[in-house]
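Asks: The chain contents come next:
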Amino acid sequence: MRHQFSVKVGPVGFRVGSAWRAPVAALRHLYAQYPQPDGGITDFTVRLEPETMLRRWVRQSVAIEGDFMLPGAVPMALRHGLLAAEMGMNLQMAMGQRHFLLLHASSVERGGKVLIITGESGSGKSTLSALLGERGWRFMGDEFALIDPLTGLAHPFPRPISLKNEAIMVMADRVGAGRMGPLLADTPKGDIRHLIPSADALANMMVPGVPALILFPRFGHAAEVRTMGTSEVFVRLTQASTNYVALGERGFGALTRLVTQVPVRAIDYPDTESAIALVDQLWAELA
Amino acid sequence: MVEPIYTADPASGFHSVRLDSLTAIYHRRSGVTHVVAEPVPEIIVSLAGKQLNVAQLCGDLIADPALVEGDETRRALQARLDELEEVGLVSLA
Chain C
1 MRHQFSVKVG PVGFRVGSAW RAPVAALRHL YAQYPQPDGG ITDFTVRLEP ETMLRRWVRQ
61 SVAIEGDFML PGAVPMALRH GLLAAEMGMN LQMAMGQRHF LLLHASSVER GGKVLIITGE
121 SGSGKSTLSA LLGERGWRFM GDEFALIDPL TGLAHPFPRP ISLKNEAIMV MADRVGAGRM
181 GPLLADTPKG DIRHLIPSAD ALANMMVPGV PALILFPRFG HAAEVRTMGT SEVFVRLTQA
241 STNYVALGER GFGALTRLVT QVPVRAIDYP DTESAIALVD QLWAELA
Chain F
1001 MVEPIYTADP ASGFHSVRLD SLTAIYHRRS GVTHVVAEPV PEIIVSLAGK QLNVAQLCGD
1061 LIADPALVEG DETRRALQAR LDELEEVGLV SLA
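Taken in order, these protein sequences are the chains called C and F.
Position 268 of the first sequence, counting from 1, maps to 268 under my numbering, and the rest follow consecutively.
Position 67 of the second sequence, counting from 1, maps to 1067 under my numbering, and the rest follow consecutively.
Derived by calculation from the structure, the hints in this document are not laboratory data.
Backbone N, C-alpha and C define an ideal beta-carbon position, used for all residues, glycine too.
Hints should not be assumed to be uniformly reliable.
[Claimed, not checked] If the Cβ cut is set under 7 Å, some of the chain C residues that face chain F in the computed set are:
| hint | residue |
| --- | --- |
| 1 | Gly229 |
| 2 | Thr230 |
| 3 | Ser231 |
| 4 | Gly248 |
| 5 | Glu249 |
| 6 | Phe252 |
| 7 | Thr256 |
Extracted from the complex, chain F is given alone in its bound form (with noise of 0.2 Å):
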């Protein structure tokens, strides 16, 4: 099975406003609005302009090697990678 690579719009095709424990993020591709909690805006500076597999969008995330090697951190990251390609925020390379 190949792994999927994810990517994102460069950082200029976003505008995010940080509102309270929630961030405001206009995509300026398809003109919507998205309200999201962490870690979605971090997921999408990571991915901006780059190409990264789940693994190493772990490390860029996570700073505790024990948490990135964890299964579950990136079961969490991957249902998070699945919402943000389904709305339009991250896609497949």
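Looking at chain C on its own, in the form it has when it is part of the complex (with noise of 0.2 Å):
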């Protein structure tokens, strides 16, 4: 490929390749703070293709392609190559990752402990992570949650945090514009703009964490608080990993351990300073 960008996410090392110079170099200013991957070696590569040679040039559009691909995806704006990108290493990992439970959710840590947030898109889940990262939390991850099946272990993958609408204006505004990435308008999930994690989050992207609470926040309803079944929360759980029956009994141990040994709550939530509140009590009760 022309163009070529490789970072070390947490346990993670991907390679980006694109015929286009424009997602390489809005990669390499999200990922300056980033490791390169150990010797050069990398787990997941991502290609971003024009879908035929014409769309090189012509109402470019940018075809999603590596290691794992996803048949009939349908290629994305040339604008949008940043996003593409992103998507393609989210891609790799859910379809790919063998070392790790994927859960899909976001983590932070406090102390040693995890806490763990998981939940249907439009949950909360990034927004909370990254408010709760500025507030004295490491931030861990807002895409996956990578529970080691060996250790019981949560580990980081602390990609910058896929801020979408509203949450854009109220993270920008906290952390300034140095850490935010472009605004890309208009993408089929609306607007988005990333978030770079602290400085914190990166230095300690190799330090796991000893899962403690699980939410599962919904947003939009009075504050409230509700216990979970086990078993309800364990077949949650196989919905929200992408890689429970490709690891096979590896996954049903890592995950019937974090089920009967982690406390779980789901909580309903007006508004962020709620969920904040929540989750401040909930920890202080529980964790």
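Mind assembling these two chains? They're in different frames, but the hints should get you there.
Replies: Listed below in structure tokens is the structure:
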């Protein structure tokens, strides 16, 4: 590929190749503080290529390719090339990661203990982890929590945080433009802008923690805390994991250990301040 | 009519974890996870590596002799065995 980029995020090394300069330039800006893969060896490769030769120059559109591909995925506009690269990296992890049990969740750490926040798209897990990461917690990741089947520890995967729509303004005001990526307007997911994790989150990207509390947040309802049955949590986390089936019994062991040892609560919240208050309260009570 | 005899993989073929009122069972041969309620874990323990008919299984599972002999008990157990056979956790010997 003409333009190359490689980066290490937590325990995972990526290489991104692109037919165009712009997506790689955006990645270099966003990941400027990140280390290079150990020994230059990467786990996954993403390729951003024109759908056809013509699309390299005319109505440029980016097809996401790599070690693992989704047949029939719709190409994206070149102006969203950064998003295509990020989606490609997520796809490689979701489909190819075999060392860790992957949970579609954000996570933050305090005092060696990890809060895992999972739930549907739109539940606010990215925004909550981003806010907590600016309030004394160590941000560990907003997309995947990596659970080591051998130790049960949660490992960081602190990619830039994908903020959407209203959350962009909230965080940009707080951290300043220097830690924000470019605005990607009108993507299929709305407006997106990435937040670069804090220096502390990046410096400690290889430091795991002990899972201590799992939350299932739901935005848009009056503040409430509910307990959940262990079997319900187990089933929902199998659904939230992209590689549970692929890991076989290692995945079963990791997930049953997690759900039988770590307290879980579902929380409803009307706004982010209420959510933070609930997190503080539950952390003090349970973690 | 020949009375059906049921069997299941030996105990080493399963990894079971009690979650709450339900139990998660990982079936090693198929790689499939099942989340099941009573009396499924007990049925699998009784049948693991053995061959039993419904009456013998009833005797294994139920302490009360009156219940063991009851048609309703056997019908209920037969229904569970049919379900378990369908998902591959037990099979006809």
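Asks: Look at each hint and say if it fits the structure.
Replies: So, going through the hints one by one against the coordinates:
no.: 1; hint: Gly229; result: holds (5 Å)
no.: 2; hint: Thr230; result: holds (4 Å)
no.: 3; hint: Ser231; result: holds (4 Å)
no.: 4; hint: Gly248; result: holds (5 Å)
no.: 5; hint: Glu249; result: holds (6 Å)
no.: 6; hint: Phe252; result: holds (4 Å)
no.: 7; hint: Thr256; result: holds (4 Å)
Violated hints are absent here; each numbered hint is respected by the structure.
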